[in-house]
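Mind docking chains B, C and D on chain A? Use the hints.
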Amino acid sequence: MAEALLAEEAGTAPAPASGAGPFWRRLRARRAALVAAAVVALLVLVALAAPLLAGIEGQDPTTYHPDLVDSATGGVPIGSFGGIGADHWLGVEPLTGRDLFARVVHGARVSLGVALAATLLQVLIGVGIGLAAGLGNRFVDQALSRVTDVVVALPVMVIALGALAVVPASFPRPVLIAVIIGLVGWSGISKIVRAQTLSLKSRDHVAAARLSGWGSWQIARRELLPALAAPVITYAVLLFPSNIVVEAALSFLGVGIKPPTPSWGQMLSDADTWYQAAPTYLLIPALLLFVTVLALTVLGEGVRTALDPRAESRLRIGTGRKKEADA
Amino acid sequence: MSLVEVSDLSISFGDVRAVDGLSFSLEAGGALGVVGESGSGKSASAYALLGLHRGTGAKVGGSIQVAGVDVTAADDAELRALRGAKAAMVFQDPLSSLDPYYAVGDQIAEVYRVHHRGSRRAARARAVEVLDRVGIPDAVRRSRSRPHEFSGGMRQRALIAMALACEPQLLIADEPTTALDVTVQAQILDLLHDLRRETGMGLLLVTHDVGVAAESVDEVLVMQSGRAVERGPVGEVLVAPREPYTRALLAAVPRVTEQRISSGAKPAGDGEVLVEADGVRQVFGRGKSAQAAVDGVSLTVRRGETLGIVGESGSGKTTLGRMLVGLLEPTSGRLTRDARVQMVFQDPVSSLNPRRSIGESVADPLRASGERDEAVIRTRVRDLLTRVGLAPESYDRYPHEFSGGQRQRVGIARALAAEPELIVCDEAVSALDVTTQAQVTALLAELQRELGLALVFIAHDLAVVRQVSDRVAVMRRGRIVEEGGVDEVYGNPRDPYTKQLLAAVPALDPALATVRRAARKELAAA
Amino acid sequence: MKWFLLRRLGGAVFVLLALSVVVYAAFYVAPGDVAQIACGPRCSPAQVAQVSEQLHLGDPLYLQYAHFLQGLFAGHDYSTGTGVLHCQAPCLGLSYQSDQQVTELILAKLPATASLALGAFVLWMLLGVGTGLLSVWRRGRLTERVLTWITLAGMATPVFVIGLLLIIILVTALQILPFPDYVPLTEDPEQWAWNLLLPWISLALVSAAPYARMTRASMLETLAEDHVRTFRAYGVGERALVGRHALRGALAPVIALGALDIGSMFGGAVLTESLFGIPGVGRELVDAVKHVDLPVVVGLVLVTGFFVVLANAVADILQAMADRRVVLA
Amino acid sequence: MRQPSVISRRVAAATAVLVVAAGAAACGPEDNRGGGSGSGAAGKPEKGGTLTVLNSKPQEDFDPARLYTSGGGNVPSLVFRTLTTRNREDGAAGAKVVPDLATDLGTPSKNATVWTYTLKDGLKYEDGTAITSADIKYGIERSFAAELSGGAPYLRDWLIGGADYQGPYKDKKGLDSIETPDAKTIVFHLDKPEGEFPFLATQTQTTPVPKAKDTGTKYEEHPVSSGPYKVVKNEGDGERLILERNPHWSAATDEERKAYPDRIDVRSGLDSAVINQRLSASQGADATAVTTDTNLGPAELAKVTGDKKLADRVGTGHFGYTNYIAFNPKVKPFDNPKVRQAISYAVDRSSVVNAAGGSSLAEPATTFLPDQAAFGYTPYDHFPAGKNGDPAKARELLKEAGYPKGLTVTLTHSNDKDFATSPEIATALQEALKKAGITVKLQGLEGNDYSDTVYDVKSEPGFFLGGWGADWPSGGPFFAPIFDGRQIVRSGYNFNSGQLNDPAVNKEIDEINKLTDLDAAAKRWGALDKQVGEQALTVPLFHPVYKRLYGEAVKNVVISDWTGVLDISQVAVK
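Protein chains in written order, with the UniProt record's numbering: chain A, 1 to 327; chain B, 1 to 526; chain C, 1 to 329; chain D, 1 to 574.
Please keep in mind that the hints were generated in silico from the structure rather than gathered at the bench.
Please note that the accuracy of each hint is not assured.
[Said to hold, decoys possible] So the derived label-pair ranges between C-beta atoms look like this: (1) C/VAL84 - D/LYS308: 54 to 64 Å; (2) B/GLU236 - A/TRP24: 49 to 59 Å; (3) C/PRO189 - D/LYS387: 50 to 60 Å.
A virtual CB, placed ideally from N, CA and C, is assigned to each residue, including glycine.
If we strip away everything but chain A, and leave its shape as in the complex, we get (with noise of 0.2 Å):
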């Protein structure tokens, strides 16, 4: 649903002007963007300094510590709020005592990494597949759209465990994630590229770019992949705390990351029936998942509307459709 609803609003986003400049300043315009920005710079810091932080506090996302847990009654962490304290900063997670907040800094390499590859996979295949159906005749066309609807009603779920399955376990797991939900989530990219090259084909400067002498190739480099880049963009800022989720989801069902490596959504699986027991152990991956997922789509919403400025000057009337007229 989230698809139908970008396709939606990406797809609408016309060509802005040429130059980075407005672009910059609208998007320094928005308090909220820049609130989100920074959160999601701190994020990627945090998960790129995972180790150190983790060594700051003196722990380790693996070690086991059996004496921090009551083990008598199911493996409750002792002390108050999950065992919050000076040397486990976020408490540890109940029948292991593994240090929490190592494990959260952790998870965020592999949950922000693995939806970044993700979504730079469904760019390059949604740009490829989109422009292909765009530039090709009726029969491409029809046929990658066709195989656009099979890959939309693919459950992503029987995919990841078909793979999960069939892909030795030697294989990095958050590279396998990452490929799947490359593999499986293009459709949105590739239908907003569909019908940007297929308008933009119909335009005159690409016509005058026929006329010039250049070659199919050349035009897609010269005329169009400029062109797609706005829509693209816009969508694949939307489309990276989604994957976000979409890994989390896999993890959650047991399809995704693998342990030992800390992932948010397999923390979240391991936790869903501590919600009475520990919930902390439940509330520190929930809330990071949402600040992250919130705070870009938040930055992926002021990208949009700094790309698309257009979205705040349509509402008036008497000038916008007139000027056409008047020309």
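Chains B, C and D in isolation, oriented as in the chain A frame:
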């Protein structure tokens, strides 16, 4: 008291002052034409009469009295009572101006019921009545149709019917015919004329087309950059303008009666054949929905001549043009092209890539032909820019920094860069204001003279075509209905369609307009 | 219209068959000795071989697939040992795990999923469209900004996070709602609704956001359209403008999106069903995938695909019916 | 083999477990194992009422031929009577086998290769027809049909001609090694001495099936009852079962099943969290509810232990089960006993126990056999690792083995969240072995992939997590499949992971099997376990403990060590 009394009106959108210190008045039953080029503020002024700027963020100053209502001071209820009942408006684009979801009759009835207490049935009856009045055949049945089932002209009639529904004292028509073909335009203007005579309502006609104004109004107000330039009876202003701007404007308007500007080109018939089409067809779609946009056209273009192709929308002229340059392959028929061909496009916005500097765009044909030396390219592009009347420094600037006319010049420079022998101009000046239009056509003529170019000039505007062409072909529904020397076709049309077209062109001289209106009626009756 | 429907149907059949091929192929290469699983871990090699033969597992992929297609279009007979069990077309086979007919199994799971989907749909439509309209109404004021942030937050929250938080708040802390335990509507409507309330709310909260945003954007766009301006210029009041001339056009894409969403949800809201333990098709899919129960997985993917395709078609038709300007071709 | 679904988690269902529930054991204080009969609500149990059973897994298999149960199962045992059955008593006493349809535990021939049973008088089906020995023979024969596969392998392995017999549908002639000289007598001819045959006779395959009523794979929709209850409703492939009294069942012939409630309502397909939530709330019909397949998970236990009232309604059971590390000595470096020993020393059982749910849900194990007398439990700890492991000793052994700088090994485990072979346990071991200089890489496999990989001699990894449960409480089915050299399966599932084929061990197994004195046999199993344990082919980790909630009004809770779960044939709701 006057029907409309505007004094010192000013309208600003943000920092932009669209209208500045405008004053005018219109007596009951009078007809005022507001004429101006794009950005003159004429439409914004018309909107202000109904208080339509309210709530949009536009700042409106000065005072406006319409049918006794002080528009700037009126509260929302008073304003609503004015709108539609005392003063009604007809908009430019009849399709988007009607609600696509409801039957036309229901929409008119709704408007009627806003201002008149009465039954639904009575309102429907009134709707049928006004639809019948504006010349919708079988009005009872057609009132149940939705807008998309109407043709463009019928929709505009329906909009006018809606305006008539409450018998307003004032009709404001904002570019009512701009989106229509010339023959339909003539019918709508005639309808407005008749209605005004019949009902005695006042008319405020906003238009960019001086000819339209000449046909329809008693008085003219010429606007430029938000200010009134000249005002007076239509006969005076259009025949003997006082202000230099008005004079320039009128001078730039191409006239269908006027002989071609001499380009000094060789007479048609002896140059070598550059392009020859023989029975070319272009079919779009397949199966049942297949439609021949061009249906068996044969023509030749010779070196140095200008072939004008005129036709209304849907006549296939643009498709033909694209086939001539090779952007489209004919579905059938033979097309031989023995020359380098280029094209100048209609839309100055979409014909240049907004992300590339204009120099780069102009350099495209050079690079595509294998030129690698940057210095050579730059020099050549600067020469070309100079040649089309742009500063050579413009090389690194981007399209949005240029006006429409300048962009068309860039387009011409790009076409020239490929050293063509034939340039197809597809509605190359249609999107431009008349003054700019005149400059661009002059440039084309000049280039043709100097470079010995052949031109194919495609346009819907008969006057422009006459101005530039040696020969002219009239297209209708994918076929050429008449072809010949320009003076011959314009002076002595043989095909009835050509006659109809020519009769529909508005005349600049109000006196002549009256004569021609009579002629049109005769033609329609015949 | 007829051609449109026929073409849609053809496309749908193609997509569904392609889906089944993809799933077949994926599971064909997946490890997991299906015969051994179906037979039981302590089966003798001879028994495993027999089971394998019965299930046609030794056949090459294309033959197995042909067998599947045969069942789909012509039905199948299965030996019960003492007699014959006829599985009517469309026969999706028998579950490896439970020997149950896949069609029956899926039909048994659909009511729970449908209950979840429909209830949530009503709730999120009300919430989403309501919020969207409210933010148009209060354009530029504090209300709009607050609503914008709430919808953003809703959009940013995965359903399992919202669901878990709601469990903590409503079930554990406040004890207002029970932990969901699906009760069929036919059995006890009140309990049905009461138990599904929590999943409905969770789904509605995460799903409403796009609707709110879309309603708002679409409404603003429609209000700026020429025909609305026309009626404004004829003295029609704002309320009638919104109600008669803007709402219909503005809601068309929103309703189409709703059709899309509910369609894909009929294929199982995997996360929600898993989180709340609702015995629907989504949870069945997770289960079947984990047990390499190929007939069930293929069946469920086909059903899911069917609903997605159907929803797409319905969305298109709805949009076209709402907007006669779109020609179905 | 039994892999009881220990904790069916909400999200991740357990592996392909065909089985019914394991047992829960007596409630009462932790240290008072198996004690305290007659727990549950106070008062004398009386007949009447409806017992609700809330389960997560539907009774998909309800055909006696297909069921793989320990001692006849729980719900199935209400409908199916068998030749012998388990003793329905609390704790260790419940680990005994007692007669059911038969008058006694069977008369063995001198070398225990021929077993003869005589049926009691007055046995009837739900339709009033008499139960004959031919029906029992037919019931057993059915279980050989491929259509009805799923049961335990013993009949196939033990009966003469069993390996080749294809069941009555294909082979009308029947199985000659089962004789029914008259309607009350049935004689089994085995191809080797099996002193534990009475245990095997507890399994549902010895349930009588009237041939005329056999409908093949559809029989499970309405199996003909020989027990106190008959099936009146079976919906959704065993998702909803309603059992009501079988009027032709006579309590006089059945000393084991109390059958207090009039009606049993089994609702399954429920989420485990829902089940525990409902049992703890114990509202309405749930007050008389129990579960036969859902344990309390660690998180739920943590909540329950904090509530005295709830804690009183928790039944604790010990089912014979061991979770262990398995080595494949064919894979280097595990061919080196010193390496295996080093790992045995390095194991940190307290963190493993924690990962398995804490000390209330798992008890550290140093022996392969479960710590119950019935199995012949003989305590030993050949490689004492203490509570937290002995990394120093491990390093020393590694040095001796030629790995002074430590080594890197791969541990294979399943990805199921079953707290048995799951990632948490593997990670706990990874951490513990790190201290001994052993770097462990984890290879997590999805459920079926895991089983296929580790139980196939061709793909068996050198170092993996395994578990083994009892088909009945005795060393035979627990010890032999893992350590008997003749049971190494070349194609198909092999559970002798260490691929031990020691003639001495094989011979001792044969000797014990000849014993019909089960107590004497148990002692020798224990001794053999201790002896084999020295080879360090496995590292026993822990025995799981099952905790289950039951409703407020449930009386007469009996949890035997045989099944480990509350026995619903004993429960009363009035």
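Do the hints match the structure? See the list:
As the Cβ distance of C/VAL84 to D/LYS308 is approximately 58 Å, the hint placing it in 54 to 64 Å holds. For the hinted restraint 49 to 59 Å between B/GLU236 and A/TRP24, the CB-CB distance of approximately 55 Å keeps it satisfied. A C-beta distance of roughly 56 Å is found between C/PRO189 and D/LYS387, which places it inside the suggested range of 50 to 60 Å.
Violated hints: none; the structure is consistent with every hint.
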